[in-house]
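Colleague: Residue numbers (my numbering), protein chains in the order written: chain A, 4 to 265; chain B, 821 to 1025.
These are calculated hints, taken from the structure and not from any lab test. All figures in this text were calculated on a predicted structure; none of them were measured in a lab. Note that beta-carbon positions come from the ideal geometry of N, C-alpha and C, so glycine has one too. Among these hints, one or two may not hold up.
Just the calculated beta-carbon pair ranges, DEER-fashion [what the hints assert, rightly or not]: (1) B:P972 - A:C95: 53 to 59 Å; (2) A:M102 - B:G855: 36 to 42 Å; (3) A:S21 - B:V891: 42 to 48 Å; (4) B:G855 - A:K31: 55 to 61 Å; (5) B:D1016 - A:A26: 26 to 32 Å; (6) A:L97 - B:G997: 30 to 36 Å; (7) B:T999 - A:D57: 27 to 33 Å.
Covered stretches of chain B, as calculated for chain A (at least 3 residues, CB under 8 Å) [claimed, not checked]: (8) 858 to 866; (9) 871 to 883; (10) 905 to 915; (11) 961 to 972.
No farther apart than 25 Å at their CA atoms in a straight line, the calculated lysine to any residue pairs in the SDA-like style are these [what the hints assert, rightly or not]: (12) B:K1004 - A:E19; (13) B:K1015 - B:L971; (14) B:K1015 - A:L15; (15) A:K49 - B:Y989; (16) A:K49 - B:Q895; (17) B:K1004 - A:D70; (18) B:K965 - A:A32.
Here's the letter readout for the chains.
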Amino acid sequence: MKRNSDDHLFNLAFGETSEAERAELEAKAATDPAVAAKLRELRNLKADLRSLADVPPDQLSNDRLRDAILGQGLKPKQAFDWSWVWMPALSCVLVAGLMMGIRHRQSVEPSLVGSAVVSLQTSGVPLFSGDKGGDLAANFKPSESKKRSEVQRIDPVSFRHPVSRKGGHGRSWRRRHGLSGLYADVNLGAGSGIDENDVAPGGLNTVSLPVGAADARISGLKPVDNTSATPAVVVIEPDKDKDSGTQQAREVANSKNVVIGG
Amino acid sequence: MVESRTVRLDLSITGRMELDGDLTLVKRARDGDYGAFQVLFERYRTLAYRFAYQMTNSRDDAEDIVQEAFVRAYQNLHRYRDEAKFTTWVLRIVTNLCTDRARSSQRRTVLEQQEAAGALDWMTQGTPDDPVGNLEEERRRSALKRALNALPPHHRMMIVLRDIEEREYPDIAAVVGCTVGGAKLRVLRARRALKDRVAPLLGDV
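Bound-form chain A, shown alone (with noise of 0.2 Å):
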């Protein structure tokens, strides 16, 4: 308590109390001589410690402070200089990029766009003996990239990037036959109605569709007459119409100049 009050008087004294208290402790030491004496005490404590203040002039300079810096050859210290590591780092960057970027386009699944069911239909391939025909549908829908096992699923059409498929055509065949890009097998085994016993000698049951570029647009293909000559099996590109610059479907090669399976 009394050291409580003791640092009250020492604020006052010192100048770093409130109004509010200022006046009570004054009253106080006005009415207590023990404590009046003892605030003048302190008063005067704070008098004596500001005529401290008064110092010898120093004999500081610039040159003496020169000396001791430029003189060593004292330099201020730089901050630590990331300058070095940003190229190597960038560089770093960049390579992973482009290695994620390879490996990506390797793995990655074909994103189809397109705006129309395009109802294709094996009857009449000349390739097959004894052909039931069949219709095989596959659902394109617009602007959805399909993951692998989505893909899969439709049956008996899946797609696929010419540089996955192991143990058939590579790239440069079908760069030279007109046929790079993107792929859409047609399974003509089971589900397809078409038998064991249709797929032609060597085993291949598969059809290769190219579907064209990222923005192939397939409209405008009607199902094929079952009964027509019409070849089943055609290879188009999108392409626009002259007049009125619709989006349209090209015809690039049939059953007839395209060796299936060879």
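Got chain A sorted already, so can you dock chain B onto it with the hints?
Modeller: Same frame as chain A, now just chain B:
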């Protein structure tokens, strides 16, 4: 009321301009412009010297400390954070140097204090009834100085910063590295310690 507000505003603007000026000079100095650092030295050397002198009570020591402080400041300009005042930063360096010196020369200080005490005894014993009015004042000052020098550095620092150099509590807090409340508490403790030491010297029991 309005006047005091205006004055406070003006002070804050002046302080801001000063801060900006220091900042510019520091940046220039960082870029190798020694002239900019010289300006900073000219601007704040007295402040640093006064503080160092009060801490060491020796002009030579104070000058050495100030010079060393500015050398260190120059070498470590990259560590100066722009949000702090340059004065606070320099005072902090000076404070550390003073504390280091006080620790290393504890014994020497004690001897000097004993010598000073002897001289003071001789002076005060020889002239107890001196009619010259300022002699009492001188006696008080000398006693106070002795008491102040005898204080531990952390107490002395608070007395010097607050009661001699009259710095604001936020500045003190920044120099010492504590909160404003902590700075107030430290100052109060230092004052108590000083009073306890100076009272016997002045004959106030």
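Colleague: Below or equal to 25 Å on CA atoms is what counts here, so check K965 of chain B against A32 of chain A.
Modeller: violated (28 Å)
Colleague: Using the Cβ atoms, figure out if L97 of chain A sits within 30 to 36 Å of G997 of chain B.
Modeller: With a Cβ separation near 45 Å, L97 of chain A and G997 of chain B fall outside 30 to 36 Å, so the hint is violated.
Colleague: With a C-beta cutoff of 8 Å, work out whether three or more residues of the stretch 858 to 866 of chain B approach chain A closely enough for the coverage to hold.
Modeller: holds (count 5)
Colleague: Can you tell me whether the CB distance of M102 of chain A to G855 of chain B sits inside 36 to 42 Å?
Modeller: The hinted range 36 to 42 Å is violated for M102 of chain A and G855 of chain B, with Cβ atoms some 52 Å apart.
Colleague: Given the proposed pairing of K1004 of chain B with E19 of chain A, does the C-alpha separation stay at or below 25 Å?
Modeller: Holds, because 10 Å separates the two Cα atoms, which is no more than 25 Å.
Colleague: For the pair D1016 of chain B and A26 of chain A, does the Cβ-Cβ distance stay inside 26 to 32 Å?
Modeller: Distance hint for D1016 of chain B, A26 of chain A holds at roughly 28 Å.
Colleague: May I ask you to test the hint 42 to 48 Å on the CB atoms belonging to S21 of chain A and V891 of chain B?
Modeller: At 44 Å between Cβs, range holds.
Colleague: Taking the beta carbons of T999 of chain B and D57 of chain A, is their distance inside 27 to 33 Å?
Modeller: About 32 Å separates the Cβ atoms of T999 of chain B and D57 of chain A, which means 27 to 33 Å holds.
Colleague: Does K49 of chain A pair with Y989 of chain B here, judged by a C-alpha cut-off of 25 Å?
Modeller: Between K49 of chain A and Y989 of chain B the Cα gap is close to 17 Å, so the pair holds against 25 Å.
Colleague: Look at the Cβ atoms of P972 of chain B and C95 of chain A and judge whether their distance stays inside 53 to 59 Å.
Modeller: Hint holds: Cβ distance 55 Å, inside 53 to 59 Å.
Colleague: Take the C-alpha atoms of K1015 of chain B and L971 of chain B, compute the straight-line distance between them, and say whether it is at most 25 Å.
Modeller: holds (10 Å)
Colleague: So is the stretch 961 to 972 of chain B in contact with chain A by the C-beta rule, three or more residues under 8 Å, or is the coverage claim wrong?
Modeller: Holds, because 4 residues of the stretch 961 to 972 of chain B bring their Cβ atoms closer than 8 Å to Cβ atoms of chain A.
This entry does not satisfy hints 2, 6, 10, 16, 17, 18, going by the numbered hints stated previously.
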